[in-house]
Amino acid sequence: MRKFLKRFYLAIVLFFLYVPIAVLIILSFNAGKSRAKWEGFSLTWYAQLFSDKAIMNALYVTITIAVLAAIFATILGTLAAIGIHAMKKRPQALMMTLTNIPMTMPDIVTGVSLMLLFLFTKVERGYVTMLLAHITFDTPYVILSVMPKLKQMNKHSYEAALDLGATPIYALFHVILPEIMPGVITGAMLAFTLSLDDFTISYFTTSPLVQNLSTLIYSQARKGIKPTMNALSALMFVALLILLLIVNRRSNKAVDKN
Amino acid sequence: MMDLHLPAWAIWVMLAGLAVFIVMFIIILRRNHGVKRSMFSTPYALWMIIFTIIPCLLVAYYAFTDANGKFTLDNFISFWDSNHEMNKELANLGFDPAAMGFTRGMVNISTLVYSLWMAFLCTVICLLIGYPAALFMAERDFKLGATLVTLFIIPMWMNFLLRTIAWMSLLEDNGLINTLLVSLGFSRVQLMYNNSAVLLGMVYNFLPFMVFPIYNSISKQDYRLTEAAMDLGAGRMLTFIRVTFPLSLPGVVSGITMVFMPAVTTFFIPRMLGGGNTEMFGDLIERTFLTANNWNLGSALSLIMMVLILLSLGLLRKVDPEGEGGSMI
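Residue numbers (the working numbering), protein chains in the order written: chain A, 1 to 258; chain B, 1001 to 1329.
Be aware that one or more of the hints could be misleading.
To be verified - Pairs of lysine-lysine, BS3-like flavour, derived with a Cα cap of 25 Å: (1) B/LYS1220 with A/LYS3; (2) B/LYS1220 with A/LYS89; (3) B/LYS1036 with A/LYS88; (4) A/LYS149 with B/LYS1318; (5) B/LYS1220 with B/LYS1143.
Please keep in mind that the hints were generated in silico from the structure rather than gathered at the bench.
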């Protein structure tokens, strides 16, 4: 009985979390435009999706920015983590504080402060500024995912490699990097998803001419969201789910083999 | 080719910086000895100075200056008294604002108080719903625990604006819930455009941030401690109160931070579900910057927000000095 009540409670909480998602997916198959009335099953919105220029543009911006920001942030953050790890205590503490600042700042303040930077330097806001902003908020998360792996590593293997004649760059790629790879991959994935989902910071650092999916949804929200948007988000949701299942199955297989 | 929209000098400065940096890096890397690994973090340090430190200083600069760039405290006075600018104009024109019945404007202060109150309620509700959920999932004999945690993450993959809008189609006057009520013979209920709708949207969006850290800190606990407590004669309730709960406090603290901070500053949820009747501090900052175009007051409001957050973080550090609260990652 006790067990049943606990499971039941968890089921209710999860139900609460999934209701709006179910609603969105169901509405994407609705023949009519209404948000509330079911007018029959249809795939029209999915068919129209690919000819909707605004959505396709926003999708392009969202994905290219997420990929580019993740790549840049991963390189910048991994190098930074290796550097910070090798520092003495004082500068290390300073750098970690620097890393924590953007993570504790509310998104809106980060967005506003970057907007002021671009306004102050008279750099017109658009694709590049949004990319710069995304790299900025992604990098600390990469550092925080790489750091634990560096701490687990043997302190002396890098110096040993240098003593044996490796150049620093060779040692970086052949000694340090293989050991911290899991952390680097986690960091890159985290950066990618954070950037994919960001609204507030993008909103302040781009112009209405260059929109990602979030800012496009925001600008449509008052007039009413087009059902094509529901179709797109349903597709993206399913794609991410499949990706998760594949990753899971792979890691399970790896475990089995060992 | 994409138009970069950058002024020419900015491009030159960036290219020159990049060139200097690449040359430096190559020189450093080609030498075998005397290379310090700590140099690897130089690009990051430069990046953070340009894109975090300088922007923060700019916020402070705008907050303490007026539109002409002169030092002033007017922005902070305007925060305290939103009629300040107007009253000053009136006084300049030779009127006495107090005699005309214009008193202190409370708009900004009451928005802040309202936001803090809503964020507080949201945090409490998240804690009340989230703690039991995390506790049940972290139980040792519950094999599905890890899977369920993933189920808590998956909804966050759907764009949060769309999820909030989906709530609108549930709560609207002609929405699903009301249609259901009417078909069951009840009368319609006004569900949207009030505090509870905003609160619902906030709890919905931030609940996972409360569940993860608590789940982490409970599942990390040494199970033998609870067993020992039980062996020594403590009942389930006493074990929970004296052992499990105190040990999970770091998780609770980081959960509270992770819910409270975004809740104070959210500006999409109240605008959609509150329909503009319920302005929160995030909305106020956004509106001051983009609609009223007052960067100085907007910066002052942002600065106040930042200070408040830092203060509350400092307070929480006192409760959890190790900063050990199991984070999301």
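Out of the numbered hints, which ones does the structure contradict?
2 and 4
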